[in-house]
Amino acid sequence: MVTVADYSGLTSTWCPGCGNFGILNALKKALVELNLKPHQVLLVSGIGQAGKLPHYTRGNVFNSLHGRPVPPAIGAKIANPELTVIAISGDGDGYGEGGNHFIHSLRRNHDITYLVHNNQIYGLTKGQTSPTSDQGFVTKTTPYGASPPINPIALAIATGAGFVSRSFAGDTEHLSRMMKAGITHRGFALIDILQPCVSFNHKNTFSWYRERVYKLEEQAGYDPSNKLAALEKAFEWGDRIPIGIFYQQTLPTFEEQIPALRQGPLVKQPIDPKQIQPLIDEFI
Amino acid sequence: MTTDINFMVGGEAGQGVQSVGFLLAKSLTRGGFHIFADQDYESRIRGGHNFFRIRASDSAIGAIVEQVHILLALNKESIDLHRKELTSNGIIIFDGEKIKDTGSNTSLFSVPLERLAQEKAGNKLMSNTVALGAALGLVGYDLTIMDQVLREHFGADNIGQDNVKAARAGYEYARENFKGNFKQHLSPIGDTRIMLLTGNDAIALGAIAAGCKFMAAYPMTPVTSIMEYLATKARDLNLVMVHAEDEIAAINMAIGASYAGVRAMTATSGGGFCLMVEGLGLAGMTETPIVIIEGQRAGPAIGLPTRTEQGDLEFVLHAHHGEFPRAVLAPATIEDCFWLTIKAFNLAEKYQLPVILLTDQYLASSYATVSKFDLAKVTIERGLLFEPTTNEEYQRHKITESGISPRAFPGQEGVLVVTDSDEHDEAGHLIEDAETRTRMMQKRLRKLLSLKQEISPPQLYGPSKAEITLVGWGSTYGALREAVDILRKEKPSVNLLHLNELWPFPAKAVANVLAGSGNSYVIENNATGQLARLIRRETGVKVSGNILKYDGRPFTPAYIVQAVQEGRYDHGNGS
Ligand SMILES: Cc1ncc(C[n+]2csc(CCOP(=O)(O)OP(=O)(O)O)c2C)c(N)n1
Ligand code: SF4
Ligand SMILES: [Mg+2]
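So the protein lines, in turn, are chains A and B. The first sequence lines up with residues 0 to 283 when you count with numbering that gives the first Met the number 0. The second sequence lines up with residues 0 to 574 when you count with numbering that gives the first Met the number 0.
Next comes chain B alone, as it looks inside the complex (with noise of 0.2 Å):
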């Protein structure tokens, strides 16, 4: 890695953090440069705080860092709270015109951003244009590249025209007037033709890749971006996206268009997942598929509604009463969404159960360059469906070997499709004896067997024995891969066991790994050490410790590289 720069923009709700922060993004990308950007933002449509940060290289990269190159401060607020993230040689790019009391400090570099805006594009609110302009003067960045990713963005019509106007004056004024010593030049380096996009981007492509036709789910962050998505392409893409009264109505909904044939899905959080419960077990029992994404946040009740947590994995894995089989599923990268959403309808269908795709707050929002998906590996397995060849009667939840029963859909001609939340007979209908209540109980939970062979083995990076052993799931990946690459520069014998496909648990691969390793210790954030506890559950194989984190932010590598160094680590609270 020989370019390796990290941008901050910080600002207010509403001062266009995320619309700056994403076209520098953006422009980058267009560049060839690999991005990973995070966003940072309170639950309020004005005023606070906001961050959006932007990771750049000429290398792969899945995670963020801290530490800060270029920090463009839309408000004084920014300078205050980020200053300390600042690298020695950081400049922070802001309005001295209309900042003041700032200190003095080489790191400071004022751009007068408003006036700039005023005078060049004729309007102050393209300040953040400006400032946008600013930070890739200051890297003599691709002014044709930045222009036209304006004009994409903003039209080509005179409010385009406006943007490019001021972005180049913040260019030209930061070329001109910068006089620090910070070196770093940024120019185009590769391929142009990869992907940006957020891992709700992903889960949505990845849904209608996989033939989802129907929708219906309750506004909530961090998923609504995915609902509004499919409620965008429905038209044209012929699907269908209900906003629903609530959560118990959207997963009903898309329990009753899966069982009428369509591939259906919802989208919640942890609290609307909580009303989703009595809708899980009902796809269990009448075994009609059906994929829900569970994008985690900070919890319990409203918790901390735009941070990010790994606080549901033992309660989408339990929620509902009684027993059925389920498959969960937690991407561990913006690629890893797109797959696993379409793995999510293929399993749901083969296996006639829900399929719970957990991801979080992090990875919902955070920005990455992807090579576009190829989608001739996209595979659809609609699973066992019935064909009438015989006068036989058909029954919905006929008892086979693999406990797996063909499906049909209402409206053939022959055929009556009946099911049942009551514990019913092959034929559908409601029964109390005992005989049958454990034959249908064992039928449901055989497909278990074959369910687990879909189950894809841990990812394993590193050495296959190791004298340290990070084991992770789901959205921490980018961060524990790149806190293994830094470990072993000093000590080689250290590597990472990654999960994500979480349910049936993969024990036998876990056990393999962890029983070659030294001590091993479990990255999660959440407070109690959820996977330490399923592993031990599954495999018996106790952890020698946690590296846990619940204040809403996501691991860094350098979060995790001091831990292990400083042998931080605990022992799951309360647990």
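So here's chain A without its partners, still in its complex pose (with noise of 0.2 Å):
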């Protein structure tokens, strides 16, 4: 049995009150509840405050660089499929430094789940705008307020993504139940999280989100594999904010599309070189 305590890693650096711990808490509990070890997870993450999380858990870490959490991720679980891959990124790291891996992972349909914490604001370097702050919102680097944004859920649905989800870090049941969902799906799930930074974004606060936020499974008639119709909720954001999946359906995914892995892992296909003997003879 797993469980919580399997999954304590060391003390976080993080400010008191962020909304990092809710979703280091949610990531937990969904482990646990879905009873894996920390050694068959890997988590890849990138570089900001939401990079640091995989070392204030237990599991096979590869941090890696600010917007690459991605690209990694997707080496690894192709190398060995039998790894429960999460790739954790912030809005930064995910959707400005590492934008194109966004969209080519999308569309690819790798087999791993896409933790991105979404502060709209770049907490570690101190408070300057990211690709998802607010139209108009005043940060060091934007003293005339922020470009429109990008929407990251309408871009996965466009893009051909197979799950896309938001959740709010203020609701760690909710969000384990994402999580456990994404992890699940055979193909990219995406999970945007609402995450507040207390320390440096003073307008999309915990009870700003709260005020806001309401779950799209409790809407009656909402049906995630209708993809216009979640197209369409993916642009409601102001009073009300949807959070819950928006869409999905289950594709091929890349990894099984590749002929190679079907002989199992390549981690346990043995090297040989005389294996190449014909290739050579094809020179002759």
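Among the hints, a few may not be true.
[Claimed, not checked] Facing chain B, from chain A, some residues (calculated, C-beta under 8 Å):
#, residue
1, 0
2, 41
3, 77
4, 99
5, 100
6, 179
7, 224
8, 226
9, 262
10, 266
11, 270
12, 272
13, 274
14, 276
No lab work stands behind these hints, which were simulated from the structure alone. We put the beta carbon where it would ideally sit given N, CA and C, even for glycine.
Need the complex rebuilt from these two chains, each delivered in its own frame; the hints are there to steer you.
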């Protein structure tokens, strides 16, 4: 039996009251409830406050560069599909610096889960605008207000993702449910997480989000398999902010479509130089 | 060397220059000739001017030469551009019914390529195959070899048959109608079970032999064919090649795969390597083995995208901020491409660091005949692996005397593999304290001490002491070696010092050779003499001068010989 104690890691350096604590707790809860042992899990993070999360729990950890958690996560998943691979990013990390990787991993549908701690600000570098800052939001680098934000939910749906969701760090229950759904979903699962940054974002606070969020699964008639309806919902942002699974559909994953992986994980394939003898003969 | 003949196929992109060139080289390979062939092409799909040079000899050769004996001119431009390279009794095969205004010249031999292709094979598009036949007819080559090579290439069905008919038409036409005084006759001479392959082919084979299971890359001349080869073989050989969204993703994917436990690589050219630099340091910091093929082309920026250069030596040695160990290997020959790729994987895993294999467009796309690789000689060294014997908790970056920490892979019960691009402690968790930082830096850099022992000494060719020492690195080996042979006919005291394993730099061995030479000249395909600077930095020896070439074209033996004979040295532009 896996318990939460199995997932206790180092003491965090996050600010007291940071939304990241809720995300950390939700992740531990999800992994325990899925009965996954730490050695079965690979956490690949980028750089930012979000990127530090893996150190505060237990598992295999690859803390990569700013903007780059997704590519090594993909590489590791292809090498060993038996691992549960979770990539962890911030809004700057994932949607800014790593934007290209985001788009293309959605499209290719790698079987990984992607947690984006979306605090609508750059936390670690102390309060600059992020790709998801609300339009007009004044920060140290946008004294005249931020440009319009990207919409990761709409982008993901439009790019062909099979699992597109949003949750809220202030609702650990909901968040861990989303995480479990994302991890068990076969294919790329995006969980965009509304994460208050108590130090640098004084607009999008816990209470600001709490007043606005509502759960899609509680909406009568909401059908997460309806792509166009999901896309329409994705544009709702303001007085009311939907959370939950916007869109879900099982699509062939990148890994399933690789013939070489049908023989088992690459890491278990033996190395045999003699294997290339026929190739050499082709050059004769 | 009694036979040494040089063919050139010239034409527009899209006219089949590459395929005629390859088939000619293949036919001669099957007859036991040693081949060296290079390709000169523009960055376009149609039009322009491309050529393919095939040198065939009865002795080992490793370079191209300028002088052409038989020119297969598929268009007029080929005649105009290359007439000056023709030897005094050289022959130009061309279609006089299509190409006019060539002037009259005894070297011109008109073959109605298009008409014969239409009449004999029913397809005028096969006129280049007629030209191939005419060239082989001119030297009276073995017909059965030609037919067989064509059938293998085009298939035994109608297309193959028609190509055989087209080639035979050209062959017979040349036999019957050529009245000139070209006397060279080529008949098969020896071992016909020899490979004909490019540098990229050899790298791809080397990677697969070394057990590379994962490659991620983004297409870029001159390395794209490595990606394509691995992609083609992926299904049968249980490996994965991912065409990534960009070079940043490519190197990071490869690093992730390697971290998870497989041998992984990427390939790019200088421009893509610019994007990979960030990942290079990540591999250094997380001590993740990775092999990077860097096929140089003429820079900076897009530069000359299809041309050769050795301009990235200092770049790959210094790329990334901060300090960490790396290895840089630069194959000298196509055979070397195979063996050094294998060595790159072994070093990467033994020392848990990035290894860069530095080639260039010339080596990547040139063909040479090479004896079959002896696979019994391939060794696989995966380095120190963690064995869970005690109850001790696994520490990915455990500090050891050698600096090498046993590796484990994620997924093993009882083991957690933790690593970080931030400075970290032995367990892999990020730290900021000065003491741990210092110890981890020392641990990583300590790996250089044993890595140094793995670097083979540079090749010395010719007498051990000489009045003139030519020094080179990487792909220039063949041209330099032949240049030394030519120079020594007049002046015996010339030798060659050639480096194919560049970092850690074999300083002692280089210093020793240079101590015994009168004057030393570094020959490089770049504008500022990068190896010369490196030698000075690492050994304190200032070489006497440089022979530099940075026009995007490779060195030939004659070019080097002439520069030496005329004392045409420079001292590195602006350096
Ligand atoms: C290549 C590179 N550029 C910039 C930085 C500096 N940097 C570190 S974290 C960060 C942004 C953090 O914002 P976000 O990704 O939203 O994470 P948060 O701290 O808000 O969780 C930046 C710009 C870096 N580490 N690397
Ligand atoms: S700066 Fe913001 S995101 Fe970072 S730890 Fe503090 S509250 Fe959390
Ligand atoms: Mg942020």
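Now the hints, each set against the structure:
1. Interface hint status for residue 0 (chain A): violated, as the beta-carbon distance to the closest one in chain B is roughly 15 Å, over 8 Å.
2. With a least beta-carbon distance of about 5 Å to chain B, the hint placing residue 41 (chain A) at the interface is held under the 8 Å criterion.
3. A cut of 8 Å between beta carbons decides the hint on residue 77 (chain A): the least distance to chain B is about 5 Å, and the hint holds.
4. Given the 8 Å rule on beta carbons, the hint for residue 99 (chain A) holds: about 5 Å separates it from the nearest Cβ of chain B.
5. Hint status for residue 100 (chain A): holds, given a least beta-carbon distance of 5 Å to chain B, under 8 Å.
6. The interface hint given for residue 179 (chain A) is violated, since its Cβ lies 21 Å from the closest Cβ of chain B, which is over the 8 Å cut-off.
7. For residue 224 (chain A), the interface hint is violated, since its Cβ never comes within 8 Å of a Cβ in chain B; the closest pair sits about 28 Å apart.
8. A least Cβ separation of about 23 Å between residue 226 (chain A) and chain B goes past the 8 Å threshold, and the interface hint is therefore violated.
9. Here the hint on residue 262 (chain A) is kept, as its CB sits about 5 Å from the closest CB of chain B, short of 8 Å.
10. Interface hint at residue 266 (chain A): satisfied, since its Cβ lies 4 Å from the closest Cβ of chain B, which is below the 8 Å cut-off.
11. The beta carbon of residue 270 (chain A) comes within 3 Å of a beta carbon in chain B, closer than 8 Å, and the hint placing it at the interface holds.
12. A cut of 8 Å between beta carbons decides the hint on residue 272 (chain A): the least distance to chain B is about 4 Å, and the hint holds.
13. Evaluation of the residue 274 (chain A) hint against chain B yields a held restraint, the C-beta minimum of about 6 Å falling below 8 Å.
14. A hinted interface residue such as residue 276 (chain A) counts as satisfied when its beta carbon comes closer than 8 Å to some beta carbon of chain B; here the least separation is about 6 Å, so the hint holds.
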